[in-house]
Structures are given as C-alpha cells and as structure tokens.
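Heads up: the sequence lines are chains W and D, in that order.
Going letter by letter, the first sequence gives residues 1 to 125 in this note's numbering.
Going letter by letter, the second sequence gives residues 1001 to 1179 in this note's numbering.
Think of the hints as simulated: they come from the structure by calculation, not from any bench.
Where hints are given, some of them may not hold.
[Stated by the list, open to error] Only pairs whose alpha carbons sit at most 20 Å apart, straight line, appear in this in silico PhoX-like list of lysine-lysine:
1. W/K83 - D/K1174
2. D/K1126 - W/K90
3. D/K1147 - W/K90
[Unchecked claim] Derived DEER-like restraints, expressed as beta-carbon distance ranges:
4. W/I30 - D/D1032: 49 to 55 Å
5. W/N98 - D/D1044: 24 to 30 Å
6. W/S102 - D/Q1128: 39 to 45 Å
[Stated by the list, open to error] Looking from chain W toward chain D, a few residues come up when the C-beta cut is under 8 Å (computed):
7. I4
8. L7
9. V26
10. G48
11. A65
12. A66
13. V73
14. N78
15. K91
16. L92
17. M101
18. S102
19. G105
Just so it is clear, CB atoms sit at the ideal spot from N, CA and C, and this is done for glycine as well.
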Amino acid sequence: MMGIDELRHDAAAVSHWAQHRFLALVIGAILISLFLVSVAMSIYNSSGAAQLDLSRPGYVAVRKAAGNGDSVVNYPSNGTLDKAALDKFKKLYTERMNRVMSTSGYEDSAMSDDSLQLTTPAPVQ
Amino acid sequence: MQKISLIAVAIIVTLTGGVAQAQEQTPLILDDAQISHIRTRCVDVQSFLSRLRANDGLRRVNLGQQYETISTRLMAPMNSRIALNKLDGVDLTKTAVDFNTQLDVFRESYREYEKAITTTIDMKCKDQPVTFYDSVMAARAKRVVLKESMAELSVLLQRYSTQFNQFSQTTLQKSGESQ
Chain W
1 MMGIDELRHD AAAVSHWAQH RFLALVIGAI LISLFLVSVA MSIYNSSGAA
51 QLDLSRPGYV AVRKAAGNGD SVVNYPSNGT LDKAALDKFK KLYTERMNRV
101 MSTSGYEDSA MSDDSLQLTT PAPVQ
Chain D
1001 MQKISLIAVA IIVTLTGGVA QAQEQTPLIL DDAQISHIRT RCVDVQSFLS
1051 RLRANDGLRR VNLGQQYETI STRLMAPMNS RIALNKLDGV DLTKTAVDFN
1101 TQLDVFRESY REYEKAITTT IDMKCKDQPV TFYDSVMAAR AKRVVLKESM
1151 AELSVLLQRY STQFNQFSQT TLQKSGESQ
C-alpha cells in the first residue's frame, strides 16, 4: 500500500510534466522543423537548384532578363521520317544550335589580372 | 646491393617528382607593394566579381534552358523516332549520350565555379590579401574549366548536326525522295 508521501511525490511528478508539456511540444516542433529545413537546404545546394535560383540576393539586377522569349519546342517522338519531318527537325535544331553557339560566355579575360587590376600597382600620380 | 640501388633510385624519383609537382603548384609570390595594392583594390574587385557572378548566373540559366531543350525536346525525340522507324541512328544516339554526359560536366563545373567565386566575394579581403589573391586564381581556374566544358558541348552540338545531315541524306536516298 502506498504511503501519503509517495502519493504526493507521484502527484508532483505528474503535475511537473503537465506544466511543461506544451513547452516541450513547441521545442520538439522547432527541432523537427530545423532538421527538415537543414535537409531541404542541403538538397537545394547539392542538386544544383541553387545555381539556377535567381531570386537569391545579388541576382536582382539580372532576374528579369532570364528566360525571356524562348518558345517551347516540341518535336514528336513518333511518326514517319520523311523529307518534311527531317526538314522540320533540321530547322528547329539549327535554330537552337546557332543560338547557343552565338552565346559567348565565361571568357578567361574577364578575370585576368589586367582586367581586375590586381597585381599591377596603379601608377603614382 | 642492387636492391639498395633500386630503393635509392625510387626515393630520388619520388623526391624529384614531389619537387616538380610542388613547383607546378607554387603560387605567384607577391611582394609587399603588390600585397598592399591588392589590399587597396580588393573591395572594388569583389564588387566587380559580384556583378560578374550575377551575369554568369543569368547566362547559366539561359544556356541551361537551351541545352535542356536541345537534349530533351530535339535529340531524344529524334533518336526515338529513328529507332521506331528501324533506321540506323547509332552515331546520333551516341552523340546524344555524350552530350548528356557533357551537360552533367557543365552543371558540375558551374557549381564548382560559383562556389569558388562566392568564396572570393565573401572573403574579408583586407585582412587576408594573399589568400584573397589565391582565391581569385582558384576561381579563375574553375572558370577556365567551365569554358572548356561549354566549348565541348558546342563541339557535340556541331557533331550531331553533321551526323544528322548525313543520316538525312542517306535516309532520303534510300526512300527515293530527293532534296
């Protein structure tokens, strides 16, 4: 049979948990959400999605210029390959290829020492 | 005796190899004037690199769209159509596979380059001018790799075009249709 002191102790223990369970729930929810956000961020960074995200700080100036005016290309993956079909493909492909080939980018000169003026001291005036 | 000689030769080769490698990787030695100059210029350079990164990001998005369109909406359907018509499109398929592989290299090269240039931009360059300069050199090297991967994609695009023209001529000749 339980004594009065044991009953008091149990009651105190129950009320202690009851008092803090809401706080524990909130902390638990925050910890779980932090974990899920960290997983999501690591996937975002490792998948290459981050590099395509122009909503990041520092890309505001160029954001509007992204992906303008490119119509969707659809070439059917079935059907006969007659002259008309081949000509249509050639037209679509050549157009896209020329567009890509005419794009200059990632030139070495943009980051050369001369361009950045890093190693040549400025002339003393 | 022979064993000792061989070990000695191996040690010498290893050491000289190590020295040669070290010499290859030795960064440019900066004098005090240059370090001071870098410290003065670095904030402007970071600002320039920040703008360059934004423009490069835009180019990556636009180029990526073009490459994806060509790969998934043109090359893949054409290869599928050739297969369904039971025609010989092995060369075209191989080039398309190479293109996709190279596209992965391009994506990875850009990721590496962006990481390198972001490190350079975020660095406290006035406190670490030499590290900053090394970081610029590292980003520059990544940019060269990126440019090379882009050039390789252009080569593959051109190759697919040439192969398609040959395929087209052969197919039309076989079917009796003239151009």
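The hints, checked one at a time:
Under the criterion of a C-alpha separation no larger than 20 Å, the hint pairing W/K83 with D/K1174 is consistent with the structure, at around 12 Å. In summary, the hint linking D/K1126 to W/K90 is not supported, as the alpha carbons are separated by about 54 Å, beyond the 20 Å threshold. The straight-line distance between the Cα atoms of D/K1147 and W/K90 is roughly 27 Å, outside the 20 Å bound, and the hint therefore fails. A C-beta distance of roughly 51 Å is found between W/I30 and D/D1032, which places it inside the suggested range of 49 to 55 Å.
At roughly 37 Å, the beta carbons of W/N98 and D/D1044 sit outside the given window of 24 to 30 Å. For the hinted restraint 39 to 45 Å between W/S102 and D/Q1128, the CB-CB distance of approximately 40 Å keeps it satisfied. Look at W/I4: its Cβ only gets to about 66 Å from chain D, farther than 8 Å, so that hint breaks. For W/L7, the shortest C-beta to C-beta distance to chain D is roughly 62 Å, which exceeds 8 Å, and the interface hint is violated.
Checking W/V26 against chain D: minimum C-beta separation of about 34 Å lies over 8 Å; hint violated. Proximity of W/G48 to chain D holds as hinted, the smallest CB-CB distance being about 5 Å (cut-off 8 Å). Because the closest C-beta pair between W/A65 and chain D is about 6 Å apart, less than 8 Å, the hint holds. Taken as an interface hint, W/A66 checks out: its beta carbon lies about 5 Å from the nearest beta carbon of chain D, inside 8 Å.
The beta carbon of W/V73 is positioned within 8 Å of a beta carbon in chain D (closest approach about 5 Å), and the interface hint is therefore held. Interface hint status for W/N78: upheld, as the beta-carbon distance to the closest one in chain D is roughly 6 Å, under 8 Å. Restraint check, W/K91 versus chain D: the minimum CB separation of about 11 Å is more than 8 Å; hint violated. Of the supplied interface hints, the one on W/L92 holds, with its beta-carbon coming within about 6 Å of a beta-carbon of chain D, less than 8 Å.
With its C-beta approaching chain D no nearer than about 6 Å, W/M101 sits inside the 8 Å limit, and its interface hint holds. For the restraint placing W/S102 at the interface with chain D, the shortest Cβ-Cβ distance is roughly 10 Å, beyond the 8 Å limit, so the hint is violated. Against a cut-off of 8 Å between C-beta atoms, the interface hint on W/G105 holds, since the closest Cβ of chain D lies about 5 Å away.
In summary, the structure is inconsistent with hints 2, 3, 5, 7, 8, 9, 15 and 18 from the numbered list given earlier, while agreeing with the others.
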